[in-house]
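My request is simple: use the sequences and hints to build the entire structure.
Number of protein chains: 2
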Amino acid sequence: MARLRVHGFALSLDGFGAGPAQNLDHPLGLGGMALHNWQFNTRTFQRMLGLKGGETGIDDDFVARGLENIGAWIIGRNMFTPERGPWLDENWKGWWGDNPPYHVPVFVLTHHPRPAIEMEGGSVFHFVTEGIHAALDMARQSAQGKDVRLGGGVSLLRQYLEAQLIDEMHLAVVPALLGKGEHLFTGIALPKLGYQQLEHCTTPNAMHVVLKRL
Amino acid sequence: MARLRVHGFALSLDGFGAGPAQNLDHPLGLGGMALHNWQFNTRTFQRMLGLKGGETGIDDDFVARGLENIGAWIIGRNMFTPERGPWLDENWKGWWGDNPPYHVPVFVLTHHPRPAIEMEGGSVFHFVTEGIHAALDMARQSAQGKDVRLGGGVSLLRQYLEAQLIDEMHLAVVPALLGKGEHLFTGIALPKLGYQQLEHCTTPNAMHVVLKRL
Numbered sequence: 000m001a002r003l004r005v006h007g008f009a010l011s012l013d014g015f016g017a018g019p020a021q022n023l024d025h026p027l028g029l030g031g032m033a034l035h036n037w038q039f040n041t042r043t044f045q046r047m048l049g050l051k052g053g054e055t056g057i058d059d060d061f062v063a064r065g066l067e068n069i070g071a072w073i074i075g076r077n078m079f080t081p082e083r084g085p086w087l088d089e090n091w092k093g094w095w096g097d098n099p100p101y102h103v104p105v106f107v108l109t110h111h112p113r114p115a116i117e118m119e120g121g122s123v124f125h126f127v128t129e130g131i132h133a134a135l136d137m138a139r140q141s142a143q144g145k146d147v148r149l150g151g152g153v154s155l156l157r158q159y160l161e162a163q164l165i166d167e168m169h170l171a172v173v174p175a176l177l178g179k180g181e182h183l184f185t186g187i188a189l190p191k192l193g194y195q196q197l198e199h200c201t202t203p204n205a206m207h208v209v210l211k212r213l
Numbered sequence: 000m001a002r003l004r005v006h007g008f009a010l011s012l013d014g015f016g017a018g019p020a021q022n023l024d025h026p027l028g029l030g031g032m033a034l035h036n037w038q039f040n041t042r043t044f045q046r047m048l049g050l051k052g053g054e055t056g057i058d059d060d061f062v063a064r065g066l067e068n069i070g071a072w073i074i075g076r077n078m079f080t081p082e083r084g085p086w087l088d089e090n091w092k093g094w095w096g097d098n099p100p101y102h103v104p105v106f107v108l109t110h111h112p113r114p115a116i117e118m119e120g121g122s123v124f125h126f127v128t129e130g131i132h133a134a135l136d137m138a139r140q141s142a143q144g145k146d147v148r149l150g151g152g153v154s155l156l157r158q159y160l161e162a163q164l165i166d167e168m169h170l171a172v173v174p175a176l177l178g179k180g181e182h183l184f185t186g187i188a189l190p191k192l193g194y195q196q197l198e199h200c201t202t203p204n205a206m207h208v209v210l211k212r213l
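In order, the protein sequences belong to chains A and B. Residues 0 to 213 in numbering that gives the first Met the number 0 are what the first sequence spells out, letter by letter. Residues 0 to 213 in numbering that gives the first Met the number 0 are what the second sequence spells out, letter by letter.
What you were told as hints is all true, and nothing was included just to trick you.
In this list, chains with the same sequence are indistinguishable; a pair is considered to hold if it fits within one copy or across any two.
In silico DMTMM-like pairs for lysine to aspartate or glutamate, Cα to Cα no more than 25 Å straight-line: (1) K179 with E198; (2) K179 with D166; (3) K191 with D24; (4) K179 with E161; (5) K145 with E67; (6) K145 with E117; (7) K211 with D136; (8) K51 with D97; (9) K211 with E161.
Honestly, the hints are just simulated from the structure, not real lab data.
Have a look at this one:
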């Protein structure tokens, strides 16, 4: 069966996966950009932006792994928009412009229904109101034998972790302090849920760790 | 004025500074030994045990830094003994044998008074019941111009952090999952308390980070 995978999820030194007070100028919350310094300069990330150059090496390898064999994505509504509550601005089609970097179906978990949006380059945003299990079922069907990548945010990761539905999770622990924001692991006993840390390596920018559910 | 410094405090991937259920066989709590794999094989640590050999390099440099210019230590009572409540076993003189690795006065914070214990090699355990400020005053006086090192545990670190009394803090984030235990930073907004991350580097065993209060 298609696996549910998390890749490139960054965690601050003090345990936060996103900053507080997300808005249009701060899609990752205040201070949240510091979580992703490890990947901005990688060759794979630069290519996703349509640019040339960028660095190869371990950080880049981890970014590239996150794109391998992915047939669908699941993201939380706050990953799609800074708006909360009912959809007011139907012109908003995500942070990524006309050609988002997914190129596969993306299932957006929300409490507020909205018709699917087909973008250039193969990304289609489907809005799912039936909860995390339904979203995973739909994503698996759409993935056509490939895996499903879970993008975040923190709240959605916590729900899927607690439901023991994540098969593999790559975290990048970074030397940044956020002070407040969304805490990833508080109250979640990973070993009890079956997760083990199976792989790790460090670069100047991050400690990379891969957890798997056995 | 003598600074209050923390060195070599290890933090699991999921944010724990010690495992749960400390007892005589598990001075660092269940699973807590995994927090310290990064330092066991260093030359400085091996020397503290009276052994030869051990590895040099960045991990070793951090262990060595923690011993420089230290005139006194402060530790929590649980760092000294697995016993809780009133002192019943007056023969217990710490985990470290007759010649503990401190070689300076050590102020042990406790709710239960006990006469000081003078050990071989210069370590003297003083038991302080008047709280964290009093312990710091006493330690500074004893340190004779040198700095004071705060050893832990987690609860004591949290108290000194929240009181904004720690000047410098070296953390080693390690690729281990504890699942439960004592969480170091939950509810503590480090930047708001004046702490900034000023230095970091990674080794195969840990991400080393130095926080300072500015």
